[in-house]
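Respectively, the protein sequence lines represent chains A and B.
Under this note's numbering, the first sequence has 489 at position 489, and the numbering climbs by one with no breaks.
Take any residue in the second sequence, note its place counting from 1, add 1000, and you have its number in this note's numbering.
Hints listed in this document are in silico derivations from the structure and should not be mistaken for laboratory results.
Small disclaimer: the values here were computed from a predicted structure and weren't measured.
Some hints could be false.
Below, in silico cross-link-like pairs of lysine-lysine (PhoX-like), each with a Cα-Cα straight-line distance of 25 Å or less [what the hints assert, rightly or not]:
id, chain 1, residue 1, chain 2, residue 2
1, B, 1300, B, 1318
2, B, 1278, B, 1268
3, B, 1101, A, 300
4, B, 1278, A, 472
5, A, 318, B, 1233
6, B, 1541, B, 1278
7, A, 278, B, 1456
8, A, 192, A, 541
9, B, 1101, B, 1268
10, B, 1300, A, 272
11, A, 300, B, 1178
12, B, 1192, A, 178
13, A, 472, A, 178
14, B, 1124, B, 1101
15, B, 1472, A, 192
16, B, 1472, A, 300
17, B, 1318, B, 1268
18, A, 552, A, 182
19, B, 1278, A, 318
20, A, 380, B, 1101
21, B, 1272, A, 300
22, A, 541, B, 1124
23, B, 1124, A, 472
24, B, 1321, A, 552
25, B, 1101, A, 192
26, A, 472, B, 1456
27, A, 182, B, 1321
There are 2 protein chains.
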Amino acid sequence: MTTAMSLFEKHADLLNEAVSALHTRTYYTPYPEHPRAYPEEANDAGKDWFAKSMNQEFKELHVESSDWIGEEVSPYFQTGIGVTYPTLSLDQLIHNAQAAKTWKDVSVGERAAILIESLDRVAKRYFDIAYATMHTTGQSFMMAFQASGPHANDRALEAVAMGYHEINRFPSEVNWVKPMGKFDLELHKTWKAQPRGIGLVIGCSTFPTWNTVPGMYASLVTGNPVIVKPHPKAILPIAIVIAELRNVLTENNLDPNIIQLAVDTLSKPITKQLAEHKDITLVDYTGGNVFGDYIESLNKITFTEKAGVNSVIIDSPKDIKGVAQNIGFSASLYSGQMCTAPQNVYVPESGIDTAEGHVSFDEVVMHITKSVEGLVNHPKMGAGTLGGIQNDNTIKRITDGGNFGGELALGGQEISNPEFENARIFTPRVVVTDYNNVEAYGHECFGPIVFIVKTKDRNHSLQIAAEMARSKGALTCLAYCTDEAMMREIESTMNAAFTPVSFNFGGAAFVNQHAAFSDFHVTGGNPAGNASFTNPEYVNKRFVWVGNRYAK
Amino acid sequence: MTTAMSLFEKHADLLNEAVSALHTRTYYTPYPEHPRAYPEEANDAGKDWFAKSMNQEFKELHVESSDWIGEEVSPYFQTGIGVTYPTLSLDQLIHNAQAAKTWKDVSVGERAAILIESLDRVAKRYFDIAYATMHTTGQSFMMAFQASGPHANDRALEAVAMGYHEINRFPSEVNWVKPMGKFDLELHKTWKAQPRGIGLVIGCSTFPTWNTVPGMYASLVTGNPVIVKPHPKAILPIAIVIAELRNVLTENNLDPNIIQLAVDTLSKPITKQLAEHKDITLVDYTGGNVFGDYIESLNKITFTEKAGVNSVIIDSPKDIKGVAQNIGFSASLYSGQMCTAPQNVYVPESGIDTAEGHVSFDEVVMHITKSVEGLVNHPKMGAGTLGGIQNDNTIKRITDGGNFGGELALGGQEISNPEFENARIFTPRVVVTDYNNVEAYGHECFGPIVFIVKTKDRNHSLQIAAEMARSKGALTCLAYCTDEAMMREIESTMNAAFTPVSFNFGGAAFVNQHAAFSDFHVTGGNPAGNASFTNPEYVNKRFVWVGNRYAK
């Protein structure tokens, strides 16, 4: 383990810095988020790498297989990217993971160092990962770069730091001396953080690394071998991450199968077989609620991020234009395909009071609609904000829905992206509807759609938002309110439904963004998910404290 | 909250000391365990209190009720103690707990101080609690005093300290400043540890306070109102604790219903109704596996301590007599009615090697049998070690079992206790059996019984012990081994089954004893239970981190 030990020395400062950042929760990242911070030639190199990888076997995993599969489709080209990945049988995957359980014998500090080293290698691949992400998820280049690159690395590092801290918080041994009156009872005691077993991490189609690496690195730092099963339509970005980690493991004379990639196709899924396998003890999952509820019902330790109905409460903003701009951007960003995107905007039928005077319900609708229209049609902003739609069904669900029992303030449309003429794009539909129409707005409608819901009054807005969060889950609530008593009311009511509130966001502050080392992502307290990136529970559930005692 | 604030100042040092002890895991207690440490007159006062409480309504809870019930029976008198408790309807209990949710608005430091104050009051009632425990559980006076008094207080303080530490580990607010190049994005952020809801704590008949206070104080310190539902045959000890806490709450102008006692009878149980109630979000449970598995299957956050098959591996001790003495005591203490008591002693058919030479299988049996016999018949030690049998069925199960398909090395017997002529006592039965007879030894046999299991060899002993731990659960494993390679093998194999190992215990070291602030009680990793007193998870699962963000 000499190599790993020198890696520990290499990364010890960063690790300690990250542990400290976890606990101060001020702004922290070791990974610059802007492409400008990286060598000028890196962008072209990444673009080339992606072009050359198309229609090839992905050999970087160094896995032998007789069956190479892959069916990813670029939302920008609307053609398959043709990358194939090695497959192994379920038995072989589990067998490999069992054999890799020696990972637990590597100290937590060395494990953390190896994992951080892999993040350093990933940082050298940010542009490769960015193009891989664009052409699987439909994210714009900038979002793909940031979300799958530095922001994902931040979340991975956060999990590594939390695991390292938690395992080190108790001593590995002590002499325990109990005074018994005439003599002392003396015992030598040791404690081990015994990993739970084998982790399975199930990825989603829209954020293939950002939503996968937290669970993956959390299980790994706590000593569990991991099998990652990405969404069949978004494999390449996480395959690169896994390949880099496998390289670091091999270089350090460790079993590369400590991390494995399992791939499948939509027609022959293997996720349930994996999740139900008796040797899988930990399951991380990001995706829809039906499958997420199934995962939670397995008698395993699960970490889910499902979906929710995110709300915007417009109560008493300073000015309506800033509000409309902010909501317009948040709802349009990646065409509403973010788990944190706002869906329902609650506005009292009598309108709202702002510092600039009363604004009627219809005027609120008009401002929001104009904001979305202006943004999506903006020649420099539109395409880059919207990105592409990951999946045909997302558009179909929205266009099939028509007016959703309300009125269409904005229909949404296919617009063109000069850079990618075949890109699948659809701009947000804005539906104005009455609070009674729960059938339409009372569940998650994934993708580019916003409901402006007419409520009886401000309290009614809050009541519906809280009820939705309790019954359907919510990751975010955006509130515009300058009345202090009402702010407290919104905060305590939404917080009681385990939903965080973002107040009066404008300018560069958007509700969609959750920063690692500061914002817990998903609270774990409502139906939107049972876990939180990265609270102590997120790592502690992955291992068991076992204490041994020795008579002196 | 001024009173609570001064309580915080009163207890802040103790609280910080306890948090520190949690993390050093060396010997720590603020509560002396020996009755000698308390005023001389306290013992008689406690005895009097208990005598006067018999056949009375327990009014200390200050709860009005039209229906007072109670059916506790003293294992020493074998007659009912006649104490009755106020009952409330399920709806009333839940309604009261809902109304008491304002407890979350008391800061965690003040909550901790109030809880510690209640432990101070409990400390003044140790003798009352000891007699109440004796005459419900059958424990000897000394065990009743220690387990229900200072040791329970230790475990409660441990949970309070862990909760206080965990909630304070993240800041309650920060200014978050992200450099964006040309400007800074600035947000004010706050975090709240939002309690999960209402906790239900279900007690057991043998350790009515020790096994109840950890969950009760853990839920309380994290801001959840709690309903305690003790075993109908062991209410009085925990009723005293609850009464003292209610007094402290009332004195501090807080709702005493933050903690409630719910009582029932064997014929009209209310536990399932309570556990299944939609408003109950947290359930702590100690007891048998069937009901424990049911509790875990509820879609709630559960903390269970069930039962397991604890093992002794006799491999290569220094001397067999010391081993036999230690096992004899551990198996006889409270007549094997401890969750940590050893049940199966694995011995190779070819016998064992000791520093004093080879010892045959039959000789091992003889030494253990003699040790138990000598202890239980010892005029000064016997009655005090054995205590009484809590429940008739425990004796019936053992006597009905006959030789359990093996050979009776010791039949077990009813012996007399000069102090209590009607005491229900039964000494340990020792059954010698072949490893094939899994039907007999392969599950928990609660009470005074020990199986000496003849195995093929040392590896076979370990293999069976580990398999039992994995499939049936285990809280403890006692191993006698002086061969270092084998010690490592036993440790890693049992630890992989999430079972702690105690090596070569002799003298005053007994496997039954788990010390607060040092030994985690139950690992939570095998079927013996899903929780651990007191790891970070034990408190973290009881609240949710919710973060709010405010534009500047």
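Each hint, compared with the structure:
1. As the CA atoms of residue 1300 (chain B) and residue 1318 (chain B) are separated by approximately 48 Å, the hinted pair breaks the 25 Å bound.
2. With a C-alpha separation of about 21 Å, the suggested pairing of residue 1278 (chain B) with residue 1268 (chain B) holds against the 25 Å cut-off.
3. In summary, the hint linking residue 1101 (chain B) to residue 300 (chain A) is not supported, as the alpha carbons are separated by about 31 Å, beyond the 25 Å threshold.
4. Taken as a hint, the residue 1278 (chain B) and residue 472 (chain A) pair is honoured in the structure, with Cα atoms around 16 Å apart against an allowance of 25 Å.
5. Note on residue 318 (chain A) and residue 1233 (chain B): the hinted pairing is violated, with a Cα-Cα distance of about 63 Å set against a maximum of 25 Å.
6. Between residue 1541 (chain B) and residue 1278 (chain B) the CA atoms are separated by roughly 18 Å; this keeps the pair inside 25 Å, and the hint holds.
7. Proposed proximity of residue 278 (chain A) and residue 1456 (chain B) is contradicted: the alpha carbons are some 29 Å apart, above 25 Å.
8. Distance restraint check for residue 192 (chain A) and residue 541 (chain A): the Cα-Cα separation of roughly 14 Å lies within the 25 Å cut-off, and the hinted pair is therefore satisfied.
9. Taking the CA atoms of residue 1101 (chain B) and residue 1268 (chain B), the gap is near 28 Å; set against the 25 Å cutoff, the hint is violated.
10. Of the supplied pair hints, the one linking residue 1300 (chain B) and residue 272 (chain A) holds, its CA atoms being roughly 23 Å apart against a limit of 25 Å.
11. Between residue 300 (chain A) and residue 1178 (chain B), the direct Cα distance comes to roughly 38 Å. Violation of the 25 Å bound is thereby established for this hinted pair.
12. Taking the CA atoms of residue 1192 (chain B) and residue 178 (chain A), the gap is about 38 Å. The hint is violated against a cut of 25 Å.
13. About 52 Å separates the Cα atoms of residue 472 (chain A) and residue 178 (chain A), which puts this hinted pair outside 25 Å; it is violated.
14. For a cut-off of 25 Å, the pair hint linking residue 1124 (chain B) to residue 1101 (chain B) is broken: about 29 Å separates their Cα positions.
15. Proposed proximity of residue 1472 (chain B) and residue 192 (chain A) is supported: the alpha carbons are some 22 Å apart, at most 25 Å.
16. Only pairs whose Cα atoms come within 25 Å are accepted, and residue 1472 (chain B) paired with residue 300 (chain A) is accepted, the gap being roughly 17 Å.
17. With a C-alpha separation of about 53 Å, the suggested pairing of residue 1318 (chain B) with residue 1268 (chain B) is violated against the 25 Å cut-off.
18. Simply put, residue 552 (chain A) and residue 182 (chain A) have alpha-carbon atoms about 17 Å apart, close enough for the 25 Å limit, and the pair holds.
19. Proximity of residue 1278 (chain B) to residue 318 (chain A) is assessed by CA-CA distance (about 40 Å); at most 25 Å being required, the pair is judged violated.
20. Restraint check for residue 380 (chain A) and residue 1101 (chain B): not satisfied, since their Cα atoms lie roughly 52 Å apart, outside the 25 Å limit.
21. Straight-line distance between C-alpha atoms of residue 1272 (chain B) and residue 300 (chain A) comes to about 23 Å, which keeps the hinted pair within the 25 Å bound.
22. At roughly 38 Å between alpha-carbon atoms, residue 541 (chain A) and residue 1124 (chain B) are farther apart than 25 Å, so this suggested pair is violated.
23. Simply put, residue 1124 (chain B) and residue 472 (chain A) have alpha-carbon atoms about 49 Å apart, too far for the 25 Å limit, and the pair is violated.
24. Straight-line distance between C-alpha atoms of residue 1321 (chain B) and residue 552 (chain A) comes to about 18 Å, which keeps the hinted pair within the 25 Å bound.
25. Pair hint residue 1101 (chain B) plus residue 192 (chain A) does not hold up; C-alpha atoms about 38 Å apart against a cutoff of 25 Å.
26. Only pairs whose Cα atoms come within 25 Å are accepted, and residue 472 (chain A) paired with residue 1456 (chain B) is rejected, the gap being roughly 57 Å.
27. Our distance criterion of 25 Å between C-alpha atoms is met by residue 182 (chain A) and residue 1321 (chain B), whose separation comes to about 23 Å.
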